[in-house]
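**Q** The primary structure of each chain is shown beneath.
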Amino acid sequence: MKAIISVTGKDSVGIIAKVSAVCATYNANITEITQSVLHEYFAMIMLCDISDLSVSFSTFSDKMTELGKASNLEIHAMHEDIFNSMHKI
Amino acid sequence: MLDTKDILETIQMIRDENLDVRTITMGISLYDCASDDATRLCTKVYDKITKLAEYLVATGERLEKRYGVPIVNKRVSVTPAALIGATLDEAGYLKLAHALQNAAETVGVNFIGGYTALVHKGMTESDKRMIATIPQALSETKNLCSSVNVATTKAGINMDAVRLMGQIIKQTAFLTKDEQSIGCAKLVVFANVPEDNPFMAGAFHGVGEPEAVINVGVSGPGVVASAIKRAGDCDLSALADVIKNTAFKITRVGQLVAHEAAKELNIPFGIVDLSLAPTPAIGDSVALILENMGLESTGGHGTTAALAMLNDAVKKGGVMASSHVGGLSGAFIPVSEDAGMIAAVEKGTLSIEKLEAMTAVCSVGLDMIAIPGDTEDDVICGIIADEISIGVANTKTTAVRLIPAYGKKAGDRVEFGGLLGYAPVIPVRTESPSVFIRRGGRIPAPIHSLKN
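Sequence lines, in order, name chains A and B.
Taking the working numbering, the leading residue of the first sequence gets 1, the next gets one more, and so forth.
Taking the working numbering, the leading residue of the second sequence gets 90, the next gets one more, and so forth.
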């Protein structure tokens with residue numbers, strides 16, 4: 001099972017570190033990261049293996065949303081199937 | 090890995106453009122609950138619904154989290170009450186209405202549909218008893234939805250039932266007058282009713298359906314409106330492609346959720362209903378789509394053509410995205426649930442006559458339209474007969490959900506709140522069709538119904 005974590009917002013120091021720390025806490029294994037910064041606007045997409053997550057995916061997703069709120073970023077953790085369904089035939 | 094652009098597009102659709110799955114509806118057969126003892130029947134009905142749908146809401150909420158897409162409603166539809174309650178008297182039917190309401194409350198769904206009678210060719214004595222209880226049943230319950238099918242292309246139009254429904258709608262408006270006649274928002278009169286529709290208020294579990302089934306209704310007018318806006322200055326062929334591509338993506342989300350819900354609940358997947366269902370939220374409007382296509386205002390000349398094209402493109406895009414398509418499938422034009430439609434009525438550009446014309450080329454019919462409370466019963470019957478004729482003649486579903494708002498006149502406003510929104514009271518013609526309506530009998534089926 002894989003999840004996509006998307007992070008968007010104003011660039012600042014330590015965004016990847018904060019998101020990675022939450023992944024590590026709940027045993028989500030990061031397998032790929034792409035990120036770009038455009039005019040101070042930060043966009044990162046992280047692919048994680050969530051097969052061995054230590055909590056339910058709902059809880060993990062809530063933790064990411066909380067982190068987003070605390071850091072003034074938009075963070076969404078979503079199962080990769082929704083993207084595969086919408087964008088691949 | 091997935092394309093970053095695609096990922097951000099999905100997130101934008103959900104966050105900014107109101108993409109959601111409008112409803113997961115569990116259809117439940119109640120045939121095995123039939124009993125000539127009302128109490129026993131009601132106990133069996135309550136037990137069956139609460140057992141089968143026990144985890145429906147929790148499953149919906151879990152899927153919502155997993156995929157990050159809102160699943161707005163979780164609902165239950167059941168076998169038409171008039172069928173399983175054929176032995177009941179009126180008091181028995183009302184007991185059944187309360188049992189359905191109690192079951193809905195226990196499982197936590199926001200609507201339960203199936204207080205229904207299918208009388209397109211004629212009414213049985215039990216159909217008549219059941220229909221007579223609709224006003225009281227809707228006034229005494231909060232989440233129960235009722236529907237009556239009065240016509241099919243095969244059978245023609247049962248005008249005795251049409252006449253009766255004019256009276257039933259008025260009685261329902263009166264009995265719920267303290268809540269802006271809200272009972273009428275839960276009552277639909279149909280032609281060619283689909284038996285697997287997941288959308289309320291017309292959902293019920295049809296006679297040919299399995300023991301239980303999961304049907305899903307998708308939505309996304311806001312997504313289509315934004316995609317059309319982004320497409321800019323292109324011709325209509327290109328615009329149709331934009332709508333098809335968007336409808337495909339929206340429907341794939343519905344298909345995914347339907348498939349997973351069916352798997353987790355261990356209940357077969359039925360259909361995905363490819364509908365554009367608006368909400369009162371700003372931007373989540375079918376009228377806005379029509380205006381983004383290039384109309385100055387919904388209701389003006391050109392509206393029917395734009396809506397016909399939209400409806401067709403939604404179906405073409407959606408049909409490839411789902412393994413089984415059914416229900417109503419098409420663009421909805423409920424006035425009170427669509428901010429753009431409300432604005433067009435308030436501006437005076439959208440009339441009930443134009444709405445009727447629009448229903449010839451889209452899903453459903455005259456939906457969530459508030460009319461003056463003093464509208465004569467027979468005039469309401471005339472509106473129903475007109476709308477139902479469009480469905481019968483065109484071999485499509487049409488429906489009427491009118492709210493003759495008690496004590497209100499044209500230009501007043503009726504507020505329902507939530508997903509039902511608010512509606513400006515729209516003027517209707519007052520010339521009487523009484524002699525025509527009171528002839529009764531059946532309008533014969535059209536010649537093109539003879540296809541064999």
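Don't take each hint at face value.
Okay, the calculated beta carbon distance ranges per label pair [said to hold, decoys possible]:
{"#": "1", "chain 1": "A", "residue 1": "Asn72", "chain 2": "B", "residue 2": "Thr393", "range": "46 to 52 Å"}
{"#": "2", "chain 1": "B", "residue 1": "Val296", "chain 2": "A", "residue 2": "Tyr41", "range": "36 to 42 Å"}
{"#": "3", "chain 1": "A", "residue 1": "Asp49", "chain 2": "B", "residue 2": "Ala147", "range": "23 to 29 Å"}
{"#": "4", "chain 1": "A", "residue 1": "Glu66", "chain 2": "B", "residue 2": "Leu325", "range": "43 to 49 Å"}
{"#": "5", "chain 1": "A", "residue 1": "Asp62", "chain 2": "B", "residue 2": "Glu194", "range": "25 to 31 Å"}
Keeping only pairs whose Cα atoms sit at most 25 Å apart, straight-line, the calculated BS3-like set for lysine-lysine is [said to hold, decoys possible]:
{"#": "6", "chain 1": "A", "residue 1": "Lys88", "chain 2": "A", "residue 2": "Lys2"}
{"#": "7", "chain 1": "A", "residue 1": "Lys2", "chain 2": "B", "residue 2": "Lys133"}
{"#": "8", "chain 1": "B", "residue 1": "Lys333", "chain 2": "B", "residue 2": "Lys352"}
{"#": "9", "chain 1": "B", "residue 1": "Lys94", "chain 2": "B", "residue 2": "Lys318"}
{"#": "10", "chain 1": "B", "residue 1": "Lys404", "chain 2": "A", "residue 2": "Lys88"}
{"#": "11", "chain 1": "B", "residue 1": "Lys540", "chain 2": "B", "residue 2": "Lys243"}
{"#": "12", "chain 1": "B", "residue 1": "Lys94", "chain 2": "A", "residue 2": "Lys2"}
{"#": "13", "chain 1": "A", "residue 1": "Lys10", "chain 2": "A", "residue 2": "Lys88"}
{"#": "14", "chain 1": "B", "residue 1": "Lys404", "chain 2": "B", "residue 2": "Lys443"}
{"#": "15", "chain 1": "A", "residue 1": "Lys88", "chain 2": "B", "residue 2": "Lys94"}
{"#": "16", "chain 1": "B", "residue 1": "Lys243", "chain 2": "B", "residue 2": "Lys133"}
{"#": "17", "chain 1": "A", "residue 1": "Lys2", "chain 2": "B", "residue 2": "Lys231"}
{"#": "18", "chain 1": "B", "residue 1": "Lys405", "chain 2": "A", "residue 2": "Lys88"}
{"#": "19", "chain 1": "B", "residue 1": "Lys133", "chain 2": "B", "residue 2": "Lys154"}
{"#": "20", "chain 1": "B", "residue 1": "Lys243", "chain 2": "A", "residue 2": "Lys88"}
{"#": "21", "chain 1": "B", "residue 1": "Lys436", "chain 2": "B", "residue 2": "Lys318"}
{"#": "22", "chain 1": "A", "residue 1": "Lys69", "chain 2": "B", "residue 2": "Lys94"}
{"#": "23", "chain 1": "A", "residue 1": "Lys69", "chain 2": "B", "residue 2": "Lys154"}
{"#": "24", "chain 1": "B", "residue 1": "Lys443", "chain 2": "B", "residue 2": "Lys485"}
{"#": "25", "chain 1": "B", "residue 1": "Lys94", "chain 2": "A", "residue 2": "Lys18"}
{"#": "26", "chain 1": "B", "residue 1": "Lys485", "chain 2": "B", "residue 2": "Lys333"}
{"#": "27", "chain 1": "A", "residue 1": "Lys88", "chain 2": "B", "residue 2": "Lys436"}
{"#": "28", "chain 1": "B", "residue 1": "Lys231", "chain 2": "B", "residue 2": "Lys266"}
{"#": "29", "chain 1": "B", "residue 1": "Lys333", "chain 2": "B", "residue 2": "Lys405"}
{"#": "30", "chain 1": "B", "residue 1": "Lys231", "chain 2": "A", "residue 2": "Lys88"}
{"#": "31", "chain 1": "A", "residue 1": "Lys10", "chain 2": "A", "residue 2": "Lys63"}
{"#": "32", "chain 1": "A", "residue 1": "Lys18", "chain 2": "B", "residue 2": "Lys540"}
{"#": "33", "chain 1": "A", "residue 1": "Lys63", "chain 2": "B", "residue 2": "Lys154"}
{"#": "34", "chain 1": "B", "residue 1": "Lys94", "chain 2": "A", "residue 2": "Lys10"}
{"#": "35", "chain 1": "A", "residue 1": "Lys88", "chain 2": "B", "residue 2": "Lys318"}
Since the hints were made in silico from the structure, they are not lab data.
Don't be surprised by glycine CBs; every beta carbon is placed ideally from N, CA and C.
**Q** Could you run down the list of hints and mark each one as holding or not?
**A** Evaluation of the provided hints:
Our hint of 46 to 52 Å for asparagine 72(A) and threonine 393(B) holds, since their Cβ atoms are close to 47 Å apart. Taking 36 to 42 Å as the suggested C-beta distance range, the pair valine 296(B) and tyrosine 41(A) does not conform, at roughly 56 Å. At about 26 Å, the beta-carbon gap between aspartate 49(A) and alanine 147(B) stays in the expected band of 23 to 29 Å. Here the CB-CB span from glutamate 66(A) to leucine 325(B) is close to 46 Å, well matched to the stated 43 to 49 Å.
For aspartate 62(A) and glutamate 194(B), the hinted distance range of 25 to 31 Å is satisfied, since their beta carbons lie about 27 Å from each other. Using a Cα cut-off of 25 Å, the hinted pair lysine 88(A) and lysine 2(A) holds, with the two alpha carbons roughly 16 Å apart. Of the pairs offered as hints, the one joining lysine 2(A) and lysine 133(B) is violated, with about 43 Å between alpha carbons and a cut-off of 25 Å exceeded. Distance check on the hinted pair: lysine 333(B) and lysine 352(B) sit about 28 Å apart at the alpha-carbon level, beyond 25 Å; violated.
Between lysine 94(B) and lysine 318(B), the direct Cα distance comes to roughly 18 Å. Compliance with the 25 Å bound is thereby established for this hinted pair. The straight-line distance between the Cα atoms of lysine 404(B) and lysine 88(A) is roughly 19 Å, inside the 25 Å bound, and the hint therefore holds. Distance check on the hinted pair: lysine 540(B) and lysine 243(B) sit about 10 Å apart at the alpha-carbon level, within 25 Å; holds. This hinted pair checks out: lysine 94(B) and lysine 2(A) have alpha carbons roughly 18 Å apart, not beyond 25 Å.
The straight-line distance between the Cα atoms of lysine 10(A) and lysine 88(A) is roughly 30 Å, outside the 25 Å bound, and the hint therefore fails. Note on lysine 404(B) and lysine 443(B): the hinted pairing holds, with a Cα-Cα distance of about 23 Å set against a maximum of 25 Å. Taken as a hint, the lysine 88(A) and lysine 94(B) pair is honoured in the structure, with Cα atoms around 13 Å apart against an allowance of 25 Å. The straight-line distance between the Cα atoms of lysine 243(B) and lysine 133(B) is roughly 34 Å, outside the 25 Å bound, and the hint therefore fails.
Using a Cα cut-off of 25 Å, the hinted pair lysine 2(A) and lysine 231(B) is violated, with the two alpha carbons roughly 41 Å apart. As the CA atoms of lysine 405(B) and lysine 88(A) are separated by approximately 18 Å, the hinted pair is consistent with the 25 Å bound. Restraint check for lysine 133(B) and lysine 154(B): the C-alpha separation of about 33 Å exceeds 25 Å, so the hint is violated. A distance of roughly 41 Å separates the Cα atoms of lysine 243(B) and lysine 88(A); the hinted pair therefore is violated under the 25 Å criterion.
In summary, the hint linking lysine 436(B) to lysine 318(B) is supported, as the alpha carbons are separated by about 23 Å, within the 25 Å threshold. The suggested pairing of lysine 69(A) with lysine 94(B) holds, with an alpha-carbon distance near 23 Å, which does not exceed 25 Å. Using a Cα cut-off of 25 Å, the hinted pair lysine 69(A) and lysine 154(B) holds, with the two alpha carbons roughly 17 Å apart. The suggested pairing of lysine 443(B) with lysine 485(B) holds, with an alpha-carbon distance near 18 Å, which does not exceed 25 Å.
A C-alpha spacing of about 23 Å is found between lysine 94(B) and lysine 18(A), which places the hinted pair at or below 25 Å, so the restraint holds. Our distance criterion of 25 Å between C-alpha atoms is met by lysine 485(B) and lysine 333(B), whose separation comes to about 21 Å. Taking the CA atoms of lysine 88(A) and lysine 436(B), the gap is about 43 Å. The hint is violated against a cut of 25 Å. For the suggested pair lysine 231(B) and lysine 266(B), the alpha carbons sit about 14 Å apart, so the restraint of at most 25 Å is met.
In summary, the hint linking lysine 333(B) to lysine 405(B) is supported, as the alpha carbons are separated by about 6 Å, within the 25 Å threshold. Distance restraint check for lysine 231(B) and lysine 88(A): the Cα-Cα separation of roughly 42 Å exceeds the 25 Å cut-off, and the hinted pair is therefore not satisfied. Of the pairs offered as hints, the one joining lysine 10(A) and lysine 63(A) holds, with about 20 Å between alpha carbons and a cut-off of 25 Å not exceeded. Between the alpha carbons of lysine 18(A) and lysine 540(B) the distance comes to roughly 66 Å, so the proposed pair goes past 25 Å and is violated.
Between lysine 63(A) and lysine 154(B), the direct Cα distance comes to roughly 12 Å. Compliance with the 25 Å bound is thereby established for this hinted pair. For a cut-off of 25 Å, the pair hint linking lysine 94(B) to lysine 10(A) stands: about 18 Å separates their Cα positions. Annotation: proposed proximity of lysine 88(A) to lysine 318(B) holds, straight-line Cα distance about 24 Å (limit 25 Å).
Of the numbered hints given earlier, the model fails hints 2, 7, 8, 13, 16, 17, 19, 20, 27, 30, 32; all others are met.
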